[in-house]
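Participant: If you're matching them up, the sequences are chains A and B in order. Residue 1 is where the first sequence starts when you use my numbering, and the numbers rise one by one after that. Residue 1 is where the second sequence starts when you use my numbering, and the numbers rise one by one after that.
To be clear, the hints were calculated from the coordinates, so they are not data collected in a lab. One should not assume that every hint holds.
Identical copies look the same in the list; a pair holds intra-copy or inter-copy alike.
[Said to hold, decoys possible] The calculated SDA-like cross-link candidates involving lysine to any residue, where the alpha carbons are at most 20 Å apart (straight line), are:
no. : residue 1 : residue 2
1   : Lys118    : Ala48
2   : Lys234    : Gly211
3   : Lys36     : Ser164
4   : Lys135    : Ser164
5   : Lys79     : Leu129
6   : Lys119    : Arg83
7   : Lys37     : Asp165
8   : Lys102    : Arg112
9   : Lys36     : Thr78
10  : Lys79     : Met128
11  : Lys143    : Phe132
12  : Lys36     : Leu115
13  : Lys259    : Ser39
14  : Lys263    : Ser146
15  : Lys209    : Arg83
16  : Lys234    : Leu244
17  : Lys234    : Thr246
18  : Lys102    : Leu115
19  : Lys118    : Arg83
20  : Lys41     : Glu222
21  : Lys79     : Glu222
22  : Lys275    : Asn133
23  : Lys118    : Glu98
24  : Lys278    : Arg38
25  : Lys143    : Gln227
26  : Lys79     : Asp65
Each chain is listed here by its residues.
There are 2 protein chains.
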Amino acid sequence: MKINNLDISSMIIDLTSSGKMLRPAFFLLFSEFGEKKRSTKDLIPLAASLEILHVATLIHDDVIDDSPLRRSYPTIHTKYGRRNAIYAGDYLFTLYFELISKNLESNTDILRNALSMKKILIGELDQMLINFNVKSTTDMYMKEISGKTAELFSLSAAMGAVVSDGSAELITRCKEIGHDIGMAFQIIDDILDFSNSAQTGKPVHEDLKNGVYSLPYILGLEAGNRQLIDILSKADLTAEDDSLATDIVIDYGYLNKAKDIAKTFTEHAVEEIEKLPKNKNQKVLRAIVQRLVNRIK
Amino acid sequence: MKINNLDISSMIIDLTSSGKMLRPAFFLLFSEFGEKKRSTKDLIPLAASLEILHVATLIHDDVIDDSPLRRSYPTIHTKYGRRNAIYAGDYLFTLYFELISKNLESNTDILRNALSMKKILIGELDQMLINFNVKSTTDMYMKEISGKTAELFSLSAAMGAVVSDGSAELITRCKEIGHDIGMAFQIIDDILDFSNSAQTGKPVHEDLKNGVYSLPYILGLEAGNRQLIDILSKADLTAEDDSLATDIVIDYGYLNKAKDIAKTFTEHAVEEIEKLPKNKNQKVLRAIVQRLVNRIK
């Protein structure tokens with residue numbers, strides 16, 4: 001697809017090349033729990049729409065944060081300019097909207113998507129409440145990632161149940177499982193970011209420098225750890241500050257507490273997965289959650 | 001409505017305070033030609049959705065062009081920062097999507113909106129083809145304003161026919177009238193921009209400096225006017241260049257030709273308006289078109 005000599009498909013490939021297409025995969029996995037059997041081919045447009053929505057928000061996020069790289073590749077605005085990146089994001093929103101309107105049967109389902117899209121955007125806006133705010137709380141963090149990350153996992157799972165003619169109970173259950181996995185996924189991602197940087201000894205945690213506090217730090221801030229608060233209140237963080245903050249987060253057990261919180265979500269997800277109809281996808285979901293937990297063992 | 005301490009409503013009021021709410025007005029005007037009588041109160045959410053979509057694209061346009069002012073007021077990114085402006089635009093897209101999904105009865109109608117939204121975005125992207133391009137043609141210009149401006153007028157009119165249970169024929173007619181008025185509206189806006197700057201003797205036409213060529217210039221470029229092509233090919237335009245270009249556009253009759261093209265659209269609109277059911281709104285539409293034409297008399 002070419003618009004204005006820009007190859008939109010290649011833009012998307014640039015963005016998703018190293019992506020895991022988790023949301024479409026979730027949607028397809030959950031589409032086998034209801035009564036109606038649907039061919040994967042039929043479901044591709046809806047599966048794609050979930051990735052498209054995700055990519056649209058990533059493109060705008062990268063413009064806003066002026067991030068040079070995403071998944072080790074140059075970001076869209078770095079490669080094609082800010083103008084094209086903003087319009088490409090907008091264009092993908094319209095494409096998402098089109099795919100949803102074309103491929104969902106009921107207005108209620110379309111509305112479900114619209115409301116999710118809204119929650120995702122509110123999650124993005126909420127993120128600003130946490131940035132550079134040493135008064136950030138776990139509640140604020142949970143609210144943010146619930147919108148920013150868990151909502152789209154939740155929607156993907158719920159949509160799977162919807163297209164397979166699942167009962168209201170099944171839809172709610174899938175929605176919850178998606179939400180819990182999404183929450184765990186984001187917290188674990190944050191923990192791994194923290195641990196990787198701590199291990200590789202990068203000069204300063206990039207996120208920290210940008211005032212983006214992940215859960216391990218927020219737990220320390222919320223516990224009123226004076227040392228941590230003082231460090232993060234500084235205008236410019238040195239490598240020493242960063243290293244000290246890392247030690248505090250590990251020594252005071254904030255990192256472990258974050259791991260425990262992630263596990264609470266995966267445990268609840270597993271409980272609900274057990275209640276799903278028994279089929280091979282139920283096993284796949286169990287395995288996915290296990291792999292997620294193994295990452296922070 | 002407050003998100004992250006930003007008052008989104010006040011952002012919208014900032015933007016629409018001096019706006020004419022033309023698209024919602026069009027929608028309401030056209031909603032009285034079908035069989036079904038709808039109360040204005042019922043139609044407010046859909047009317048609002050059209051202005052919301054319009055405003056969302058304006059906010060992003062202003063970020064992209066880094067325009068300091070819109071309708072003599074500071075633009076959103078100037079007042080609230082680029083980050084908030086991009087997210088505010090995105091948020092308004094989701095709000096539009098929500099209002100449409102909640103208030104339209106059939107999927108076909110929702111899809112009509114999705115496809116329009118897509119065309120509008122493609123119009124924005126097409127605009128880049130014309131910028132700084134002395135090989136721009138009338139066709140390229142028409143295609144651009146057809147997406148950028150006429151599409152939303154066309155959608156507003158068609159939606160009016162849809163919600164009043166209009167026949168397929170009526171919907172097509174309203175769509176066409178909306179399109180023609182939208183085209184005329186944009187061309188006349190371009191002509192007035194040209195004439196105002198010519199009269200007030202501003203140093204250099206702002207748009208021209210930014211490589212945005214309106215119809216009068218494009219007609220000259222397309223006619224192969226060597227002098228005009230040479231001026232617009234310059235890297236930096238002086239006040240003298242601008243004044244010379246203005247003279248060329250007037251002397252060679254390109255301005256008058258643009259006016260004639262606008263009139264072709266209004267004449268066709270009037271022809272179709274005559275075929276609408278006779279009621280007071282038909283008269284209002286006739287008067288609107290007349291006022292539009294009078295602006296370039």
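Participant: Check each numbered hint against the structure and report the violated ones by number, ascending.
Facilitator: 4, 9, 12, 13, 20, 21, 22 and 25
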